[in-house]
Each structure stands twice: as C-alpha cells, then as structure tokens.
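> If you're matching them up, the sequences are chains A and B in order. Take the first sequence: its letter number 412 is residue 934 in our numbering, and every next letter is one higher. Take the second sequence: its letter number 66 is residue 146 in our numbering, and every next letter is one higher.
If you are wondering where the hints come from, they were derived from the structure by calculation, not from laboratory data. Please note that a few of the clues may not be correct.
Stated by the list, open to error - On the chain A side, residues computed to face chain B include the following (Cβ under 7 Å):
| no. | residue |
| --- | --- |
| 1 | ASP546 |
| 2 | ALA549 |
| 3 | VAL550 |
| 4 | SER553 |
| 5 | HIS559 |
| 6 | LYS560 |
| 7 | ASP561 |
| 8 | GLY632 |
| 9 | LYS639 |
| 10 | PRO640 |
| 11 | ILE641 |
| 12 | ASP644 |
| 13 | SER647 |
| 14 | GLY910 |
As the list claims (entries may be wrong) - List of simulated lysine to aspartate or glutamate pairs, EDC-like, C-alpha gap at most 20 Å:
| no. | chain 1 | residue 1 | chain 2 | residue 2 |
| --- | --- | --- | --- | --- |
| 15 | A | LYS786 | A | ASP829 |
| 16 | A | LYS974 | A | GLU960 |
| 17 | B | LYS241 | A | ASP644 |
| 18 | A | LYS798 | A | ASP771 |
| 19 | B | LYS241 | A | ASP561 |
| 20 | A | LYS652 | B | ASP224 |
| 21 | A | LYS639 | A | ASP771 |
| 22 | A | LYS698 | A | GLU846 |
| 23 | A | LYS639 | A | GLU747 |
| 24 | A | LYS963 | A | GLU940 |
| 25 | A | LYS639 | B | ASP239 |
| 26 | A | LYS974 | A | GLU940 |
| 27 | A | LYS941 | A | ASP965 |
| 28 | A | LYS661 | A | ASP771 |
| 29 | A | LYS639 | B | ASP127 |
Said to hold, decoys possible - Beyond 12 Å from chain B on every Cβ pair, some chain A residues (computed):
| no. | residue |
| --- | --- |
| 30 | THR540 |
| 31 | HIS556 |
| 32 | GLN656 |
| 33 | LEU666 |
| 34 | ALA759 |
| 35 | VAL827 |
| 36 | ASP829 |
| 37 | THR880 |
| 38 | ARG916 |
| 39 | VAL947 |
None of these values were measured; they are calculated from a predicted model. Cβ coordinates follow ideal geometry from the N, Cα and C atoms, glycine included.
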Amino acid sequence: MPEMNVIERDGGSSGQATILIVDDEFAVRDSLTHWFHKDGHIVHAAESATEALKMLQNHHIDVALLDIKMPGMDGMELQGRIHTIDPELAVIMITAFASVDTAIRALKQGAFDYVTKPIDPDELSHLVSKALEQNRLRKENTRLRDRMDDLVKPETIIGESAPIRKVLELINHVSKSDATVLILGASGTGKELIARAVHANSSRRYFPIVPVNCGALPNDLLESELFGHEKGAFTGAQQRRKGRLEMADGGTLFLDEIGAINPKTQVDLLRVLETKEFTRVGGSRPVRVDFRVICATNENLIQAVQDGRFREDFYYRINVFTIEAPSLRDRMSDVPLLAAHILGRLSLQMDKRMQGFTPEAMELLMEYGWPGNVRELGNAIERAMVVGSPPLIRAEDLPLRKSTDFARAAGSSLADVEKNHILDVLEREGWNITKAAETLKIDRVTVYNKIKKYGLGQAANH
Amino acid sequence: METLQLVPIYCGQPPAILERLTIRLEHAFGLRVERHNPTFDPEIAFDRTRSQYNSRLFLAQLLRDRPADAGRVLGLTGLDLFIPVLSYVFGEAQLNGRVAVVSTHRLDNQLYGLSPAPDLLFDRMCKESIHELGHTYNLVHCHDGTCVMASSTTVDAIDMKSEHFCDECRRLLESHELRRKNG
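The shape of chain A in the complex, shown without the other chains (with noise of 0.2 Å):
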C-alpha cells in the first residue's frame, strides 16, 4: 500500500491537541493517526508501552488511547504507570470487548474512559472533545486560582523576631483547621493583618472575610448590623438587607474589638456560632450560615469576665486558639524591617521616591516606646514622607522625640509622673478620650480637665 502522506495544516487550528495512540497492530494505529490527523491534531502512536513511555518522556500529550491487549506490558499496566507520571492526562482505553470488569478497573485506575473495537466515530470524536474540553477547564481552573490566591493575599507580615516567628507558626498552625481563633493585643500590633493571614491560609479563603468591628457601632445597630434586618423591622428599615453573618457564608466573620459586644448580643451570637443559624431582625425565617469565627481584642477579656461585663460562656466559646500579637516594644528588631517595608508602600502610593533613613532617624526609631505600636510607626514614617525630601528621611522630620528627652523632661515630682501617665495612656488609645478613660479608672470630664491642666495635646507629644 502506497504510503499517506500526513502534513500539519499550515499554522495549525485553534483546537489543535496532541494524541499518542498505542496499539500494537499497524492497521489500528494507522488508522487512527489519520483520522485524528483530519481533526488537525498532532498524532504520536507506539506500538508497545515502552515505546509509548519513551514517547512520553520527549512529548507532552493531552489525549492517549490504549490498547488493553498488547503483547509485554499491557495496556492496563501502562495506564497505571501513565497516570503516575502524569495524573492529568486523559487516558481512554480501548478493548475488543465491552468488558464490565475492564473498564470499572481502567476508570478506578484514574482513565478518563473506554471504547470498544470496533469505535463509532461519532462516539470516538465526543470522547476525545471531552476529553480535551476536561483539560482546558482544568488548566482554566489552575489559572483562576493562581489568581485568586494573588488576589486573596493578604499584606505581608513582616518581621522576623522570635515573638514574629511564633505569630507566624501559630497562624500556620490555626490556619488548616476551622477552629475558633481569638487574638489578644494592644492598639495597633496588627490583629486584623493576623486574621486576614489565617483566613488567607484556610480552605475558606475563595470566600469572602467580613470584618466587623464591634466597638464603632452602637449595640442596637450593632446587632442589625451582624444578623441583617427584614423590611420594616424598625423605622427606616425600608427593604430587607443581609447582615454580616450572611455576607461571611462560606468564609471568615472577623469581630474586632469583641470586648466592646453587650451582654445581650452576645447572648445571640453565642447561639449563632452553637447552631450556625440566626432569624434577621424582625424576621422569624431561620437562615443556616457556614463561617469561622475569628475574634480580636485589646481588652483583657478575663477581667471583664470577673467585672460581669463579659459573659463567661461566650468568653469561652470563642476562646479556643490564641494568638497574641506581640506589641512593638517587645520586637524592636523589627524596626528597621517595618520601617523599610512601609516605606515602600508608601513611595508608591505617594509617588516620591524615599530610599531609605538617615542613621539618625533610625536611631531614633530604634529607640522610642511605640505605645501605638505598627500603626503609630506607619503614622509617623507617613508623616515622616508629607515633611520630609528624598532621599532620606531624617531624624528632623519624624514626629518623635528620644526617650532620653523624654525622661529629662518627665522630672520626677507628682505632677510630673501623673502628667506623663495620662499622656502615654492617651497616646497607647489612640487619644481615644472614652477608653483612656476607662482605663485611667476616671471620668472622661476629669481627663479633659488633665489635659487642659498639663497642655497635653498630639501636637505636643510630636
């Protein structure tokens, strides 16, 4: 028989695939690799397994047809040896007979399907666009979540300080189960940054994290605000709207500043997270939620068990793993990471190109308290690039001054030290008055008048 000539059409087609077809008779493969060649496709055959196996070694294939029945290795044996090398690649068996018991084993073996001798072409052209349609969506399916994944990762921590390494193992840790998570820390030591990177880490990460942060709402909007409402719930409710419980299906409700939650929502919350059901505000429809729970606070929440504030059963709910953001004081090899790190963000996001500090400011740096922890330092590298001009940022040009300064101008009598008492506690709040004065054990009318009686403003501490 004259030989058939098989050229590739010029450019190839958009559909093009590479087939190996192994099959131990010529007619058979002959036959084959014309029929695929029509198809515009790029066709290998072999006439054994080890020829086959060579093949695969040199070529990349998406689509291989098996003979069962060959002489040497058969084609089940090559199969199996095929999908350990290459678990993607689609497998169809073929066989002289339509064998119950050979193809349960090919399909159990991982083959994509199986055709009986003789094929109809028709069965034999959708077996292989299925085939084919299978390894596009998967490669399609690989690409989306490459790109998730760079989509959902959350901003870097940085710092490689023992207390920083321990963050990261227990983030690490928490992250492959669902567990409840609870992190503890001071104003500004990035406890958001830790729930977005367990998030980030777990199976739920395709899925939304919904943070809610507790002590910015009021309580009745608050729980409004967590379980949603139906319309005309309350005036000014004029449609139905999801809650944030909702919002978090599937993913991760992060409750910051949970130590600011009254007793009665988190009555409600506790059953939430017991049933994994909640009823919207004024609605009576149960609706069933799937979400981990992640819980922040820079209360100690222990003491506001004993004070009554804080209900003990929920405390314990939501306490099953802790990770305790270390503050900045107690990580200050980190300083010059953080520093350089936020820099660069902010040279990009402002468009002025800040190469680094002078010796001096970061001196400075090294040697101040960080009662506002990460935050104030990004604050004050911030302000640092509004006064500042590049190349460096100079000790002048950050609103800080040395602890030695500070200490020369704390003198030691009474005023002095209540003076410098109130002021670190408003800066280590935030000069937020309410929790200052919470925690000064006094009125916020009687922090007021402290700060007018010492002149103490934030200007004054920069």
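Starting from the known structure of chain A, fit chain B onto it as the hints suggest.
For chain B alone, kept in the frame of chain A given last:
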C-alpha cells in the same frame, strides 16, 4: 486546468446524478471533472468478518491506478466503508494528497428506516465529496459548524452544514493551490 477523475465503484447512482455531482465539484474546486471506470476489482477491499469494505484499500488502489497526468481522483461507491478500528466512515481522503473516496451507503435515509429522500441523499453526497476532496488540499476539520469542512460523524451533522467553504478554509484552499502552481 487540473482534472479530477470521478471513479464510480459499485456506485448505484444514475448518470444524471453523477452529472449533477460533476457540476457541483467543478464549481467548488474549479476543476475539470472526467468520469472513469475503476481498473481494479472492488472485492479486494471486502472484509468478510465485518461485511464491509476497507476504505484504505480503495484509496491505495485509486492512487496506484491514477494516471501520471491526472490531478485528483475521487472514488464514489454505494458500498459500506470502514477503516480498521472504526465501525464505519462516510468517506476517506489522503490529507494533502491526491485521492479520496466517498460512500453513499450510510447517507441514504432508507438505512435508518426512513422514506427515501433522493434530494437529501444528493445533497449529502455533494457535501461529503467536497469535504473529502477538501482534505486532499490539506484542509483539516473546521470549527465553523456551517463550513463543509466541519467534522460530521452522523447524517444529522452533515445536514447541519452547508456545501460551501467558510472564508478561512476558502483562503487556505486558494493559498494551497497558489503554492502548488508556484512550485
């Protein structure tokens, strides 16, 4: 002008139908179609176990018997064709070659228990003939479902497409011919 030899092999089609097919093929490819009788015994391609005819053997015979000065050759048969491993084929062609063969056996409605439909059978015969000859111009299956080069493994799929080349296949066909003429 290049010639196409139309070789009826137990074709079963009346001369008037073959004449109409000749006109269609001349129009589709700009060829001069001549009719020739087969110079081989078709039974050499018969497979007793399958009661079908091996289309690859027909292609081989047509290629061997093709006169040196002939252009392309199209065998047209009423016999049921197969290629080893596949249960049937409507036709077969040498990709980027000279010979093709088409069977009307499975194009006939009567095979599927339906009433005879001579016009439909003729349309299908034209489409498959143009399709298989298209392969000899190095055209592969087209993703445009209306193009005559769209893959069709059922008569329904043949009926869905037209007997015309899509713009892209027409362009490839013409550039193939241009390259051939320019050597």
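> Next, verify each hint and record whether it holds.
Hint-by-hint comparison with the structure:
{"no.": "1", "hint": "ASP546", "in the structure": "12 Å, violated"}
{"no.": "2", "hint": "ALA549", "in the structure": "4 Å, holds"}
{"no.": "3", "hint": "VAL550", "in the structure": "4 Å, holds"}
{"no.": "4", "hint": "SER553", "in the structure": "4 Å, holds"}
{"no.": "5", "hint": "HIS559", "in the structure": "5 Å, holds"}
{"no.": "6", "hint": "LYS560", "in the structure": "6 Å, holds"}
{"no.": "7", "hint": "ASP561", "in the structure": "5 Å, holds"}
{"no.": "8", "hint": "GLY632", "in the structure": "23 Å, violated"}
{"no.": "9", "hint": "LYS639", "in the structure": "6 Å, holds"}
{"no.": "10", "hint": "PRO640", "in the structure": "4 Å, holds"}
{"no.": "11", "hint": "ILE641", "in the structure": "5 Å, holds"}
{"no.": "12", "hint": "ASP644", "in the structure": "4 Å, holds"}
{"no.": "13", "hint": "SER647", "in the structure": "5 Å, holds"}
{"no.": "14", "hint": "GLY910", "in the structure": "61 Å, violated"}
{"no.": "15", "hint": "A/LYS786 with A/ASP829", "in the structure": "16 Å, holds"}
{"no.": "16", "hint": "A/LYS974 with A/GLU960", "in the structure": "18 Å, holds"}
{"no.": "17", "hint": "B/LYS241 with A/ASP644", "in the structure": "16 Å, holds"}
{"no.": "18", "hint": "A/LYS798 with A/ASP771", "in the structure": "10 Å, holds"}
{"no.": "19", "hint": "B/LYS241 with A/ASP561", "in the structure": "16 Å, holds"}
{"no.": "20", "hint": "A/LYS652 with B/ASP224", "in the structure": "18 Å, holds"}
{"no.": "21", "hint": "A/LYS639 with A/ASP771", "in the structure": "50 Å, violated"}
{"no.": "22", "hint": "A/LYS698 with A/GLU846", "in the structure": "18 Å, holds"}
{"no.": "23", "hint": "A/LYS639 with A/GLU747", "in the structure": "64 Å, violated"}
{"no.": "24", "hint": "A/LYS963 with A/GLU940", "in the structure": "13 Å, holds"}
{"no.": "25", "hint": "A/LYS639 with B/ASP239", "in the structure": "27 Å, violated"}
{"no.": "26", "hint": "A/LYS974 with A/GLU940", "in the structure": "13 Å, holds"}
{"no.": "27", "hint": "A/LYS941 with A/ASP965", "in the structure": "16 Å, holds"}
{"no.": "28", "hint": "A/LYS661 with A/ASP771", "in the structure": "28 Å, violated"}
{"no.": "29", "hint": "A/LYS639 with B/ASP127", "in the structure": "15 Å, holds"}
{"no.": "30", "hint": "THR540", "in the structure": "14 Å, holds"}
{"no.": "31", "hint": "HIS556", "in the structure": "7 Å, violated"}
{"no.": "32", "hint": "GLN656", "in the structure": "18 Å, holds"}
{"no.": "33", "hint": "LEU666", "in the structure": "24 Å, holds"}
{"no.": "34", "hint": "ALA759", "in the structure": "53 Å, holds"}
{"no.": "35", "hint": "VAL827", "in the structure": "69 Å, holds"}
{"no.": "36", "hint": "ASP829", "in the structure": "73 Å, holds"}
{"no.": "37", "hint": "THR880", "in the structure": "65 Å, holds"}
{"no.": "38", "hint": "ARG916", "in the structure": "66 Å, holds"}
{"no.": "39", "hint": "VAL947", "in the structure": "72 Å, holds"}
Checked against the numbered hints above, the structure breaks hints 1, 8, 14, 21, 23, 25, 28 and 31 and satisfies the rest.
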